[in-house]
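Trainee: Heads up: the sequence lines are chains A and B, in that order.
Take the position in the first sequence, starting the count at 1, then add 82; the result is the number in this note's numbering.
Take the position in the second sequence, starting the count at 1, then add 82; the result is the number in this note's numbering.
It is worth saying that the hints were derived from the structure and are not from the lab.
A couple of the hints might just be wrong.
[What the hints assert, rightly or not] Here's a subset of chain A near chain B, in silico, CB distances under 10 angstroms, partners left out:
1. 178
2. 179
3. 223
4. 256
5. 300
6. 301
7. 340
8. 376
[What the hints assert, rightly or not] Cross-link-like lysine-lysine pairs, in silico, DSS-like; alpha carbons within 27 angstroms at most:
9. B/129 with A/245
10. B/313 with A/310
11. B/358 with A/336
12. A/392 with B/336
13. B/384 with A/265
14. B/425 with A/258
15. A/386 with B/310
16. B/185 with A/185
17. B/258 with A/386
18. B/258 with A/380
19. A/386 with B/129
20. A/358 with B/358
21. B/386 with A/386
22. A/336 with B/392
23. A/359 with A/336
24. A/310 with B/185
25. A/258 with B/418
26. A/185 with B/245
27. B/380 with A/336
28. B/245 with A/245
29. A/384 with B/265
30. B/336 with A/380
31. B/245 with A/359
32. A/265 with B/358
33. A/359 with B/207
34. A/258 with B/336
35. B/418 with A/129
All C-beta atoms in this analysis are idealised placements derived from N, C-alpha and C, irrespective of residue type, glycine included.
Protein chains: 2
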Amino acid sequence: MSAGLLKENALQNTLLLDALQGRNHSRPPVWLMRQAGRYMPSYQKIKEKHSLLDMFQHEELITKITLLPVDELDIDAAILFSDILLPLQALGFDLFYGTQGPKLSPSEFSIDTLKCPSKEEMQSKFSFVSNSVRLLKKELKIPLLGFSGAPFTLASYLLDSDKHHILRNTKVMMYKDPAAFSKLLELMADIAILYLRIQVDAGVDAVQIFDSWAGVLDPFSYEQYCVKYLKKILKALPDVPVIVFSRGSCHYVKELISLSPTAISFDWQSSLTDLKKLVPEHIAIQGNLDPDFLQAEKNCIKQKVFSTLKEMENDKRYIFNLGHGLLPNTPYDNVKYLVDLVKSA
Amino acid sequence: MSAGLLKENALQNTLLLDALQGRNHSRPPVWLMRQAGRYMPSYQKIKEKHSLLDMFQHEELITKITLLPVDELDIDAAILFSDILLPLQALGFDLFYGTQGPKLSPSEFSIDTLKCPSKEEMQSKFSFVSNSVRLLKKELKIPLLGFSGAPFTLASYLLDSDKHHILRNTKVMMYKDPAAFSKLLELMADIAILYLRIQVDAGVDAVQIFDSWAGVLDPFSYEQYCVKYLKKILKALPDVPVIVFSRGSCHYVKELISLSPTAISFDWQSSLTDLKKLVPEHIAIQGNLDPDFLQAEKNCIKQKVFSTLKEMENDKRYIFNLGHGLLPNTPYDNVKYLVDLVKSA
């Protein structure tokens, strides 16, 4: 990757960007998916006064929440506080965050009536995103990540807003009407590109694409319905490092490598030792601790972190992270302990 | 595997047993997980009049339902109509089957108070199982399979009866108190052995162990909490062919091979072409069509079946099946069509 993609000038801590370039000679950088979240007492306090949707859509709240783990955990990268589904609002869907997870309204729609907004419409709709990025960039001495849901994952929430984890409608449509499903994915890719472009233009240092539900697919469908559209997004973002996160990533290593993203963020189904052998050196490796592991006793966490760091010793492209987002009931102390352990390595 | 394990005398169709021995020179045998289930109008008629628990516990209903796909689909193997959780009743848990999936009562318990029943207590509690097997064996000209949930999967339902798909309590206990979790798994293995022994002694031709929820584990935990106890079960059943089904099986190929079961039943995350190369010839391969694929149009199903059969052409240890159980809303016609396609190969 060209060093020109990376904006290191104002940063005091470039560990993440160094690792993304495969040239980190210090300890591995550490950040955690959903690092600004429900496990934090400070976050809970904000949440008592605001709805999740408010928190995702107001720049004062976005910046404040994004900075919580930066200030409290002294983490190596910040990630914009947002939600993977936000870009779907641009198609006229309303988002609700209830106790059963996110819901979209209307829940029924015709693909033919969905229309991709113009760049200008997107910018105007998501000005709170670009404003937040600009505010944060002034403040931060560590890299700032932007993100979006991946096309398959975005489509899955549109089709299976209810009982999402079963993905029944998504898979029925995928197998029954591949042409319509492909059309929907094409649109999802366009929306994701526009949404990521807003963040990149406002100044994020890298972006991550979350294909959080791609793990349910067979290799053929993964190629046809994930890889194809991830490729389109990567092609549209030649000017920023892109990390691809996919559940099932430990299965689809070959397919993810074929995308040649800046980094692949792995779930916990394979060992880093195995992944290190499979992933070519020009692609950085991020991951892959099971988020539930943070329920363990501190001595177990210590043992696990040390063995992980040993596994990845002297690996210049390794980024310490979880295999999925931090869970709500995670003990705050354990998260702090984990980050401190990696940082003192 | 010794040919002595297999009881072929009374059978007219030995395709499954031949494939389990790695010596099937005809078309591949076909049976489908949950082949007696909600997608069948004839099954729905029975279900209108009886609760699921009744259907699992009365020999007339068990035998009648077991025979539905034998008569209607002319399938190559029957599988006892039952549920993977039934053995948990032997520990004093009550089972309820509601619209949200199975629930166990009491939902809270102390592991120290759980006691493995004697062989005699098990036989008396599950006499409807042995009676059903004996009745079916008189009737059937194809092999009859017995089954049980695997230790990890059984434990997961005890610990996460509510919101089971998240497995939060299971994983918290696994990481926070490995000693207690191991103790629970030891008990689950003992119960599964006793339950499978009843079926084997009554005359089933093979058994399948379902580790339907093992796919959430990292390789280390899979080794420690699945492989170890599956090994114990296999050791206790030297006199019957054992098929091991595990979600995540495409990840844990190496670990499953180390068990050296008669067969491994794979989910759909890897291609059979890849699996064929990985699995040594003395282990049969079962799988691995995504059950949602049966929502596709007939021409797509035809194409898929033909390409699968081509992939496994002349493979003497291959058993056609799905990668998981048949789903409730599957079109009956498509299931019939699938079976006919494989049989006419």
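Trainee: Would you mind marking each hint as holding or not holding in the structure?
Mentor: Evaluated hints:
1. The beta carbon of residue 178 of chain A is not positioned within 10 angstroms of any beta carbon in chain B (closest approach about 20 angstroms), and the interface hint is therefore violated.
2. Because the closest C-beta pair between residue 179 of chain A and chain B is about 17 angstroms apart, greater than 10 angstroms, the hint is violated.
3. Interface restraint check for residue 223 of chain A: the shortest CB-CB distance to chain B comes to about 34 angstroms, outside 10 angstroms, so the restraint is violated.
4. At about 8 angstroms, the closest approach between the beta carbon of residue 256 of chain A and any beta carbon in chain B falls short of 10 angstroms, and the interface hint on this residue holds.
5. The interface hint given for residue 300 of chain A is met, as the beta carbon of that residue sits about 4 angstroms from the closest beta carbon of chain B, less than 10 angstroms.
6. Restraint check, residue 301 of chain A versus chain B: the minimum CB separation of about 6 angstroms is within 10 angstroms; hint holds.
7. At about 15 angstroms, the closest approach between the beta carbon of residue 340 of chain A and any beta carbon in chain B exceeds 10 angstroms, and the interface hint on this residue is violated.
8. Hint on residue 376 of chain A holds. Least Cβ distance to chain B is approximately 8 angstroms, under the 10 angstroms limit.
9. Proximity of residue 129 of chain B to residue 245 of chain A is assessed by CA-CA distance (about 24 angstroms); at most 27 angstroms being required, the pair is judged to hold.
10. Our distance criterion of 27 angstroms between C-alpha atoms is broken by residue 313 of chain B and residue 310 of chain A, whose separation comes to about 41 angstroms.
11. Using a Cα cut-off of 27 angstroms, the hinted pair residue 358 of chain B and residue 336 of chain A holds, with the two alpha carbons roughly 18 angstroms apart.
12. With a C-alpha separation of about 23 angstroms, the suggested pair residue 392 of chain A and residue 336 of chain B falls inside the 27 angstroms cut-off, and the hint holds.
13. With a C-alpha separation of about 24 angstroms, the suggested pair residue 384 of chain B and residue 265 of chain A falls inside the 27 angstroms cut-off, and the hint holds.
14. A hinted pair counts as satisfied when its Cα atoms are at most 27 angstroms apart, and residue 425 of chain B with residue 258 of chain A qualifies at roughly 24 angstroms.
15. Taking the CA atoms of residue 386 of chain A and residue 310 of chain B, the gap is about 21 angstroms. The hint holds against a cut of 27 angstroms.
16. The hinted pair formed by residue 185 of chain B and residue 185 of chain A meets the criterion: a straight-line CA distance of about 26 angstroms does not exceed 27 angstroms.
17. At most 27 angstroms may separate the alpha-carbon atoms for a hinted pair to count; residue 258 of chain B and residue 386 of chain A meet this at roughly 13 angstroms.
18. Only pairs whose Cα atoms come within 27 angstroms are accepted, and residue 258 of chain B paired with residue 380 of chain A is accepted, the gap being roughly 10 angstroms.
19. Under the criterion of a C-alpha separation no larger than 27 angstroms, the hint pairing residue 386 of chain A with residue 129 of chain B is inconsistent with the structure, at around 49 angstroms.
20. Between residue 358 of chain A and residue 358 of chain B the alpha-carbon distance is near 24 angstroms, which keeps this suggested pair within the 27 angstroms criterion.
21. The straight-line distance between the Cα atoms of residue 386 of chain B and residue 386 of chain A is roughly 43 angstroms, outside the 27 angstroms bound, and the hint therefore fails.
22. Among the hinted pairs, residue 336 of chain A with residue 392 of chain B is consistent with the structure: their alpha-carbon atoms are about 23 angstroms apart, no more than 27 angstroms.
23. Under the criterion of a C-alpha separation no larger than 27 angstroms, the hint pairing residue 359 of chain A with residue 336 of chain A is consistent with the structure, at around 12 angstroms.
24. The hinted pair formed by residue 310 of chain A and residue 185 of chain B fails the criterion: a straight-line CA distance of about 41 angstroms is larger than 27 angstroms.
25. Distance restraint check for residue 258 of chain A and residue 418 of chain B: the Cα-Cα separation of roughly 17 angstroms lies within the 27 angstroms cut-off, and the hinted pair is therefore satisfied.
26. With a CA separation close to 18 angstroms, the supplied pair residue 185 of chain A and residue 245 of chain B stays within the 27 angstroms bound.
27. Among the hinted pairs, residue 380 of chain B with residue 336 of chain A is inconsistent with the structure: their alpha-carbon atoms are about 30 angstroms apart, more than 27 angstroms.
28. Of the supplied pair hints, the one linking residue 245 of chain B and residue 245 of chain A holds, its CA atoms being roughly 12 angstroms apart against a limit of 27 angstroms.
29. Between residue 384 of chain A and residue 265 of chain B the alpha-carbon distance is near 24 angstroms, which keeps this suggested pair within the 27 angstroms criterion.
30. For the hint linking residue 336 of chain B to residue 380 of chain A, the alpha-carbon distance of about 31 angstroms lies beyond 27 angstroms, and the restraint is violated.
31. Under the criterion of a C-alpha separation no larger than 27 angstroms, the hint pairing residue 245 of chain B with residue 359 of chain A is inconsistent with the structure, at around 37 angstroms.
32. Between residue 265 of chain A and residue 358 of chain B the alpha-carbon distance is near 35 angstroms, which puts this suggested pair outside the 27 angstroms criterion.
33. At roughly 52 angstroms between alpha-carbon atoms, residue 359 of chain A and residue 207 of chain B are farther apart than 27 angstroms, so this suggested pair is violated.
34. For the hint linking residue 258 of chain A to residue 336 of chain B, the alpha-carbon distance of about 34 angstroms lies beyond 27 angstroms, and the restraint is violated.
35. A hinted pair counts as satisfied when its Cα atoms are at most 27 angstroms apart, and residue 418 of chain B with residue 129 of chain A does not qualify at roughly 53 angstroms.
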